[in-house]
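Each protein sequence line maps, in turn, to chains A and B.
Going by numbering that gives the first Met the number 0, the first residue of the first sequence is number 0, and it counts up by one from there.
Going by numbering that gives the first Met the number 0, the first residue of the second sequence is number 0, and it counts up by one from there.
It is worth saying that the hints were derived from the structure and are not from the lab.
One should not assume that every hint holds.
[As the list claims (entries may be wrong)] Subject to a maximum C-alpha distance of 30 Å in a straight line, what follows is the list of computed DSS-like cross-link-like pairs (lysine-lysine):
| # | chain 1 | residue 1 | chain 2 | residue 2 |
| --- | --- | --- | --- | --- |
| 1 | A | 14 | B | 187 |
| 2 | A | 14 | A | 29 |
| 3 | A | 156 | A | 14 |
| 4 | B | 202 | A | 97 |
| 5 | B | 14 | B | 97 |
| 6 | A | 97 | A | 14 |
| 7 | A | 187 | B | 202 |
| 8 | B | 156 | B | 14 |
| 9 | B | 14 | A | 14 |
| 10 | B | 29 | A | 202 |
| 11 | A | 29 | B | 97 |
| 12 | A | 29 | B | 202 |
| 13 | A | 29 | A | 187 |
| 14 | A | 29 | B | 14 |
| 15 | B | 14 | B | 187 |
| 16 | A | 187 | B | 97 |
| 17 | B | 14 | B | 29 |
| 18 | A | 156 | B | 187 |
Read off the chains here:
There are 2 protein chains.
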Amino acid sequence: MSAGWLARLTQALSKHPSSNTYSLATVEDKIPRVRTVVHRTFLGQDTPAPLLVTTTDVRTPKSAQIADNWNTEICWWIEPTQEQWRITGNALLVPHSKHTGRIGELPPGYDWTEERQRTFNTVSGRIRASFCRPVPGTSLEPGTTWPEQLPPLGEWKNDVEREQVETAFENFALLVICPLEVDFVELKPIPNIRTTYAIHDGKWEERAVVP
Amino acid sequence: MSAGWLARLTQALSKHPSSNTYSLATVEDKIPRVRTVVHRTFLGQDTPAPLLVTTTDVRTPKSAQIADNWNTEICWWIEPTQEQWRITGNALLVPHSKHTGRIGELPPGYDWTEERQRTFNTVSGRIRASFCRPVPGTSLEPGTTWPEQLPPLGEWKNDVEREQVETAFENFALLVICPLEVDFVELKPIPNIRTTYAIHDGKWEERAVVP
Ligand SMILES: Cc1cc2nc3c(=O)[nH]c(=O)nc-3n(C[C@H](O)[C@H](O)[C@H](O)COP(=O)(O)O)c2cc1C
Ligand SMILES: Cc1cc2nc3c(=O)[nH]c(=O)nc-3n(C[C@H](O)[C@H](O)[C@H](O)COP(=O)(O)O)c2cc1C
Chain A
0 MSAGWLARLT
10 QALSKHPSSN
20 TYSLATVEDK
30 IPRVRTVVHR
40 TFLGQDTPAP
50 LLVTTTDVRT
60 PKSAQIADNW
70 NTEICWWIEP
80 TQEQWRITGN
90 ALLVPHSKHT
100 GRIGELPPGY
110 DWTEERQRTF
120 NTVSGRIRAS
130 FCRPVPGTSL
140 EPGTTWPEQL
150 PPLGEWKNDV
160 EREQVETAFE
170 NFALLVICPL
180 EVDFVELKPI
190 PNIRTTYAIH
200 DGKWEERAVV
210 P
Chain B
0 MSAGWLARLT
10 QALSKHPSSN
20 TYSLATVEDK
30 IPRVRTVVHR
40 TFLGQDTPAP
50 LLVTTTDVRT
60 PKSAQIADNW
70 NTEICWWIEP
80 TQEQWRITGN
90 ALLVPHSKHT
100 GRIGELPPGY
110 DWTEERQRTF
120 NTVSGRIRAS
130 FCRPVPGTSL
140 EPGTTWPEQL
150 PPLGEWKNDV
160 EREQVETAFE
170 NFALLVICPL
180 EVDFVELKPI
190 PNIRTTYAIH
200 DGKWEERAVV
210 P
């Protein structure tokens, strides 16, 4: 049995494919952090425990924040449909196997190594190249350069490019969100409609709440 | 002396006035919370310590979260200019005077009582009405209704409306953000440009960082 809310969310996204970014919030000590990320895919869409997948660089602060505290909330404002989706849950990183310390208990039933590799090969060459820039957030030394584009694994043209792709692949991580609560606000109807969903013993319970 | 980054942000907003919402993140215990809010105005634009003003209902969970932990971060994705502004700082509520417990140390130099009243009278009648709905987030009892529109203070047509406006005005609060750090990412240039700003002793320091 699938999560009832997901059909509604994917329906909005399929009509508005450019609404593919959301704000991802994490906590660093007692300070909230929030940034835009690109939604990549849902996994387990037909199960009661669907997952959201985005990607990040293991060297970014958010990766350390998630390793310390896996609580997360996303806010997805789908402007064309006037829907706000807030999804609260746990965030997990799927990094390169050399970063073993970072891996939490990943949801079973998926080949995460293959999923990470497949996603790396699917994102744009420009995004792939971004993973071999210097450490994100550090001072930019004048004159520093890094590739603008990188090919998928195995498609390098020479040894320099091979090394760059391998570095990028080492820094590349899936960021997987396991939803526990959903807060869905519809701004189009007047009065607005707000519905919350929470999973208990593998079942999603739905509740109409005051907006 | 004004904050250098603010001119750049207000320039983008004046060209794209519909980019007037951002994600506001707070912390509830160790859990991050994030939701969309509407930017209302900047205050102190010509000072080194500008403020961002949005509005909220004192009865919403975010109000209690801010009263407990004033750390906040916003993420403002201005899609038409491909700019992401993350602003980290402290959040303060300016509620009705009956909620004295909620007020932190508000920045001096402003008449907060008047600012709150002026803003209440400026937002749309529909937004004003939203402040006299039942407690946000509680179960919606079937058949519950609340006004669709409310006039500004003093412009009520009868006693019923007067009571509704007064209730709305009691629940209405300014939410003021005092910026301490700014992370500005420009996605249009390749390679992307990322600049951070932090205030030290009343002066904003700028740094070019790796995106
Ligand atoms: C439209 C847009 C999409 C972005 N997508 C991603 C993404 O999918 N993953 C990611 O790590 N950062 C993405 N970023 C950059 C982040 O917003 C952020 O600047 C960066 O990841 C560093 O975040 P952190 O310092 O909190 O770790 C995107 C930025 C924008 C403006
Ligand atoms: C486009 C949009 C704009 C919104 N603007 C505000 C706002 O300015 N202030 C506010 O309190 N809530 C606003 N909301 C509703 C919040 O996102 C949220 O649902 C509500 O404030 C409850 O948040 P909380 O439970 O975290 O306190 C807006 C929602 C949307 C979709």
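State the violated hints by number, sorted upward, taking the hints as numbered earlier in the document. Result: hints 2, 3, 4, 5, 6, 7, 8, 13, 14, 16, 17 break, sorted rising.
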